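Peer 1: Modelling step: build the complete structure from the supplied sequences, incorporating the hints.
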Amino acid sequence: MTVVMAIVVGGLFAAGSYLLLRRSIVRLIIGLALLGHATNLFVFTMGWLRQGGVPLIGLSPSDRMADPVPQALILTAIVIGFATQAFVLVLSYRAHEETGTDDLDQMKVTDLL
Amino acid sequence: MTGHLAFPIVAPLAGAALCLALHRSLRAQRLVSLVALASVVVYAVGWLWPTLRAQGVAVMCVGNWPAPYGIVLAADLFSGIMLSLSAVVGLVVLIYAIAWMENGREEPFFYPLYLVLFMGIHGAFLTGDIFNLYVFFEVMLVASFGLMVLGGERAQIEGAIKYVVISQVSSALFLVGAGLLYGVAGTLNMADLAQKLAGPQAAPYSAVAAQLFLVAFGIKSAVFPLFFWLPASYPAAKTPVTAVFGGLLTKVGLYALYRTCTLLFPAQWRAESGALLAVAALTMAIGVLGAVAQRDLKRLLAFEVISQVGFLLIGLGLGTRAGLAAGIYFFIHIVLAKTAIFLVAGLAEREVGTTDLDAMGGLLRRRPGVAALYLGVALALAGMPPLSGFLAKYGVIAASLQAEQYALVGVALAVSLLTLYVLMRVWAEAFMRKAPGVVAPAGQLGLGLVASVWVLAALVVGVAVMAGPLYHVAEQAAGQLLDAGPYLGAVLAK
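Sequence lines, in order, name chains A and B. The opening residue of the first sequence carries number 1 in the working numbering; numbering runs sequentially from there. The opening residue of the second sequence carries number 1 in the working numbering; numbering runs sequentially from there.
For the record, the hints were derived by calculation from the structure and aren't laboratory data. Model, not experiment: these values are computed from the prediction. Just so you know, even glycine gets a beta-carbon here, dropped at the ideal spot from N, CA and C. A few of these clues could be false.
Simulated coverage check for chain A against chain B, where a stretch passes if three residues somewhere in it have a Cβ under 8 Å from a Cβ of chain B [what the hints assert, rightly or not]:
hint: 1; region: 23–34
hint: 2; region: 55–62
hint: 3; region: 70–80
hint: 4; region: 85–91
Peer 2: Structure (structure tokens):
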């Protein structure tokens, strides 16, 4: 199961990175989302992929309980990711209003020289 | 147990909540923000420093959960220094910003965002928990996204897209590193992590985590080659916001680098000392060379931010007590002086209505006070004796000589010379020469605007005047970073 997760996480990172390198802002946003999912799944896997028992010592055998702390961590990370995603979506809408384009190569107002 | 350690986080948070509740009354929001940030300054001077002097390390267990299980807030001298700097800069820039936006022309939600930004910065300086550090970084970043786009101009939105995307990539890397550490050590408490990562079994994993943290914090603090987002985004924000970003925000990333390298990854830190120094030299050089080429004052100063990040990185790269002490003194100097120069640039911008150096001029005649402020702060930044920049750079260079890094010394001296050239070229063009073309009518420079910059400039002078005691504290803080024993003892004993 961990191997499957490793492949999924790796695939998400690869897809996210690829989309981040595109010129279109919409793809950029999807890339950020995939990168966030990859990170969350990675942290999730860190708490063992086991099922069947509540994580209380004495109530269930230790090979059936998963560590609940990473799950709590990614819950926090998901909420933060949700907030930033919402912000980026509004930002891209405003950018489209302001510049009339979805192409990052057209956004050169702040370029270095 | 020091229960008051949460105050620098709670006060801005409560202030932000009150500001949102009072969103109809700008006057009430101004008052609430001033009180919230002033109270943190009072707290730092009145409570935090006496506690740190008495105990060395102050610790608070949030919710009274014992140390390795719950979240702890822990302040050593380095945290104390950074927190005090941030509180002072936050208050001074707030006064400046109130005057800048003028009566009733505030952007909506400036005050809550500004307070949340400082809640995040203070939390990052105080937390002793690696995931909590991630959360406070995100709080800080989300607030800074909001502050960056205040005004909604095209440049701001374009800059914000670049800034948001690179920040999120850096946060993802940071979170992967933190998750990896949890997977290896089963703890998030930084003191506990420091002990559990010390064994040989954890070494391969912590090496990977160290690289992830290095890149993640490297992006946030704009080191070579991860700096491109900074000059493309910071100058687009309103000048008071740019001042806080340039003066303080990049330094939070460096603080995290100092903290994680010394506490969590001492072995990797030693092994990569050469790479850190090479990155520091390239950061210094590329920053100042970028500044030489700029024709816009704010953008020029943004490149200068990168150059000075390099100096701060030298202190970490050397890894000696003298190096860390010099780095910490450099923090004190640069946070105050860099914020001050951005604020002075703002005064000049107000006066002539532009930051384009080709269109600026005649400021010495029109505003001799502003000219004096610029000259003083610029010379301090360039490192002219007897000002604070000279002492800070002297410390860094002396520590490099001690470590026999002669090439690094050469780069640092050349960069200082170029910094002087860049800042004096601004002096010659914007202040000394006659204004090209039609002179715009003199703008209004309110009392708050000018007085707050004078206060900050006086503090920059104070860093030089009080160099002895400050350097002594910096050396003690460096000692604490190198010998984690008392920190671990204080955190884990609670």
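Peer 1: Are there at least three residues in the region 85–91 of chain A whose beta carbon sits under 8 Å from a beta carbon of chain B?
Peer 2: Holds: 3 residues of the region 85–91 of chain A have a Cβ under 8 Å from chain B.
Peer 1: For the region 55–62 of chain A, count the residues whose Cβ lies under 8 Å from any Cβ of chain B; is that count three or more?
Peer 2: violated (count 0)
Peer 1: The region 70–80 of chain A covered by chain B? Criterion: 3 or more residues, Cβ-Cβ distance below 8 Å.
Peer 2: Satisfied; 5 residues make the cut.
Peer 1: Counting residues of the region 23–34 of chain A with a beta carbon closer than 8 Å to any beta carbon of chain B, are there 3 or more?
Peer 2: Three-residue rule met by the region 23–34 of chain A, so holds; n is 3.
Hint 2 from the earlier list is the only one contradicted by this structure; the remaining hints agree with it.
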